[in-house]
Amino acid sequence: MDTLIDLGGGFASALEPVSLAFALLGVLLGTVVGVLPGIGPISAIAILIPVSFGMEPVHGLILLCGIYYGSMYGGSITATLIKTPGEVASAVTAIEGYEMARRGRGKAALATAAIGSFLAGTLAIIGLTFLSPVLVKLANVFGATEYFLLMATALLLASTMSAGSRAKALISIFIGLAVGLIGLDFQTGLPRQTFGMDLLSDGIDFTIFAMALFAIPEAIRNLALGRGAKDEIQSFGNDKWMTKEDWQRSAGPWARGSVVGFIIGILPGVGPSLASFMSYIMEKRISKRKDEFGHGAIEGVAGPEAANNAGVGGAMIPLFSLGIPGSATTALLLFVFTMYGLQPGPLIFRDETGLIWTIIASMYIGNIALIILNLPLVGVFVKLLKMPKEILFSSILVLVVIGAYAIEFSLFGLMMLGIFGVIGYLMEKGGIPLAPAILALVLVPLLEDNFRRMLQISGGSFAPLVTRPVSLSIIILMVLGIIGPIIFRWWVSRRKLLADVTVS
Amino acid sequence: MTAHRTDLITGGAIAVIGAVYYIATFSIQETANIVTPRTFPAIVGIGLIVLGLFLAGQAVVRHRKDTLAEAAPGSAGSAPATAHAVGDGDGAAASAGESSVEIADRSSGQEGVGGIVLEAPPEPQVRKVVFQFALFFVYLAILIPVGFLLSTAAFLMGLTSIYAPEKWIRNLIFSVVFSVVVYAAFVFGLAVYLPVGILG
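Chains as they are written, first to last, in our numbering: chain A, -4 to 499; chain B, 2 to 201.
No lab work stands behind these hints, which were simulated from the structure alone.
Certain hints may be false.
Said to hold, decoys possible - Derived lysine-lysine pairs resembling DSS-like cross-links, with alpha carbons at most 25 angstroms apart: (1) A:Lys381 - B:Lys168; (2) A:Lys283 - A:Lys102; (3) A:Lys235 - A:Lys285; (4) A:Lys424 - B:Lys129; (5) B:Lys168 - A:Lys378; (6) A:Lys381 - B:Lys129; (7) A:Lys424 - B:Lys66; (8) A:Lys235 - A:Lys102.
As the list claims (entries may be wrong) - If you want a taste of the chain A side facing chain B, the calculated C-beta under 10 angstroms gives, among others: (9) Ala162; (10) Lys163; (11) Ile168; (12) Arg222; (13) Lys384; (14) Tyr420; (15) Gly426; (16) Leu442.
Ideal placement from N, C-alpha and C gives every residue a C-beta, glycine not left out.
Turn these sequences into a full structure, and let the hints steer you where they fit.
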């Protein structure tokens, strides 16, 4: 009951004209940036963080959350029409959605993605509304031991459950940890890993790191490629919207995708990308039309798109109630919270009740805005796909430079941006995923702090890890998190479930 | 295959970085705490060394396996770990087996995610990438002394002209208008003061 009262209060302030305007602006900006080829939610938020500097915390957060789910949807438009997923989560849409568009069913693909995203997104926010207070109560018994374990779990799951080589994902995490430890040790004030440079004692700024890793390599790569073959944009002007059959075929995948996506989203360290893959594999497995997969099966768009949007809502739960980001994108949001001097977790629900519920309420509104704006406006967004590459990517480079300048106001900050841009490029070249590094960078201070407190309280003993009931359950979850994916991989490979899906 | 070589080089580089990072921890002052300021950096350094060596070692082992499999055609796919999905083009596509949920870019031009084979993005020439980065660093270096407006317009003009020299009028208009609009938006709209440089 309290929850409903709080939510009602949230709606009251989220519906104020200014807040409403920021929610709408957020989803619109998010969609626009998400549609731009090669830019996913992470780059979108990273590039737009500087814009939120001067805003009221609540408005800035409403805006950036809107950008998050707006860009998820924008990415599916790009994936469907030019087969360029802005991020891994829309990779499967780039297969089925693009095939549908080629067969003159582009509008149906976009519609099922939009409606599925809306339904799943809304369900996930309902889940967020009612689960967060429960988790907040639970979090009251959490001590340093539990927080340390949760963060370690998040990092571990980010490597075992990512869509790539586990060794490389772990390397990415360690790179993030290595960068995160540069600077003064907050407990003793001693400089660490500064290689004798005083300028490094403030550490590496998180936004600079995120922008450098996500925006620069992509921009440089595209600019260096020069004009090659033009992307073929699928037209869809005369296509029909969803038919009755499409609705019938989409309903199941929407529902299943929502559930799978939500559960995976809650898990620490696991982003929406895995949710969309799981949903895709599941839909293919239970479909009676297996042969259609890879050639434009609507289930293969409906399920994964629902799953990744449900994953967004799910991922907000550990972020809001425990202050632990589950993915690189929520790590960015956590950073934005701390930038405003707010610390997500149980305390924010107690001390900043109005703020947190306003943000949650704005998510309901943003989701509705997304579907109202996007289906009719899809023709406008598609025009963005025609933007010349050199204009798009050179503008992005300028925007990240402004961002880096606005943070440090120094040549040093700008050089860090450039250097980490090179590092990001080399990482991509070596096949090392970038997202886990971002997550690790955000988590390392918290991880170290809680680890120290745990050992201080216990006097140097590791016993609390297994003697406290809550921490023991987290350890069990952790072990399942390691074994689960191994079994899953084995099962997938044994059945050769996906081996025949190829796009030529 | 080249992917093995990439892994070998990547792994080696990571191990070296780990070693440098670990050596740097020796200059952190020791304290009497249970967890000293050195503890975490040292763990991270060692972790990087171990992971780098693992990746490099894995690449060597896989390279040997592949060479053996090629030497004995028909026996490929005997173990679950080598169940290759056949893609078009020149040979077996990435994925399957232990790496079925891995991004494996073993075959040329294709990339498997979750066993779903996607086209790998085309790779630009190294020379051009270096050149683009060089331009970017020049821009970063001159931004503060020269000022935002002039350096940004020049940078944009440079990038777009390399890409599409024949559209120089459009490039010029874009470079100037974009710089001015962004400058105005940040300075007057968001109160983020950008460097004025020689124009100030």
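Results of checking the hints against the structure:
With a C-alpha separation of about 16 angstroms, the suggested pair A:Lys381 and B:Lys168 falls inside the 25 angstroms cut-off, and the hint holds. A hinted pair counts as satisfied when its Cα atoms are at most 25 angstroms apart, and A:Lys283 with A:Lys102 qualifies at roughly 23 angstroms. Straight-line distance between C-alpha atoms of A:Lys235 and A:Lys285 comes to about 24 angstroms, which keeps the hinted pair within the 25 angstroms bound. Of the pairs offered as hints, the one joining A:Lys424 and B:Lys129 holds, with about 15 angstroms between alpha carbons and a cut-off of 25 angstroms not exceeded.
For the given pair, B:Lys168 sits about 20 angstroms from A:Lys378 by alpha-carbon distance, which is consistent with the 25 angstroms threshold. Straight-line distance between C-alpha atoms of A:Lys381 and B:Lys129 comes to about 24 angstroms, which keeps the hinted pair within the 25 angstroms bound. About 24 angstroms separates the Cα atoms of A:Lys424 and B:Lys66, which keeps this hinted pair within 25 angstroms; it holds. About 6 angstroms separates the Cα atoms of A:Lys235 and A:Lys102, which keeps this hinted pair within 25 angstroms; it holds.
With 10 angstroms as the threshold, the beta carbon of A:Ala162 comes within range of chain B, its nearest partner Cβ sitting at about 5 angstroms, so the hint holds. Among the interface hints, the one on A:Lys163 holds; its C-beta lies about 7 angstroms from the nearest C-beta in chain B, closer than the 10 angstroms criterion. Residue-level restraint check for A:Ile168 holds (minimum Cβ-Cβ distance to chain B is 9 angstroms; threshold 10 angstroms). Taken as an interface hint, A:Arg222 checks out: its beta carbon lies about 7 angstroms from the nearest beta carbon of chain B, inside 10 angstroms.
At a threshold of 10 angstroms, the smallest CB-CB gap from A:Lys384 to chain B is about 7 angstroms, leaving the interface hint in force. Given hint, A:Tyr420 at the interface with chain B, holds; its Cβ is 7 angstroms from that chain's nearest Cβ, closer than 10 angstroms. A cut of 10 angstroms between beta carbons decides the hint on A:Gly426: the least distance to chain B is about 7 angstroms, and the hint holds. With a cut of 10 angstroms, the hint placing A:Leu442 at the interface with chain B holds, because the nearest CB-to-CB distance is about 8 angstroms.
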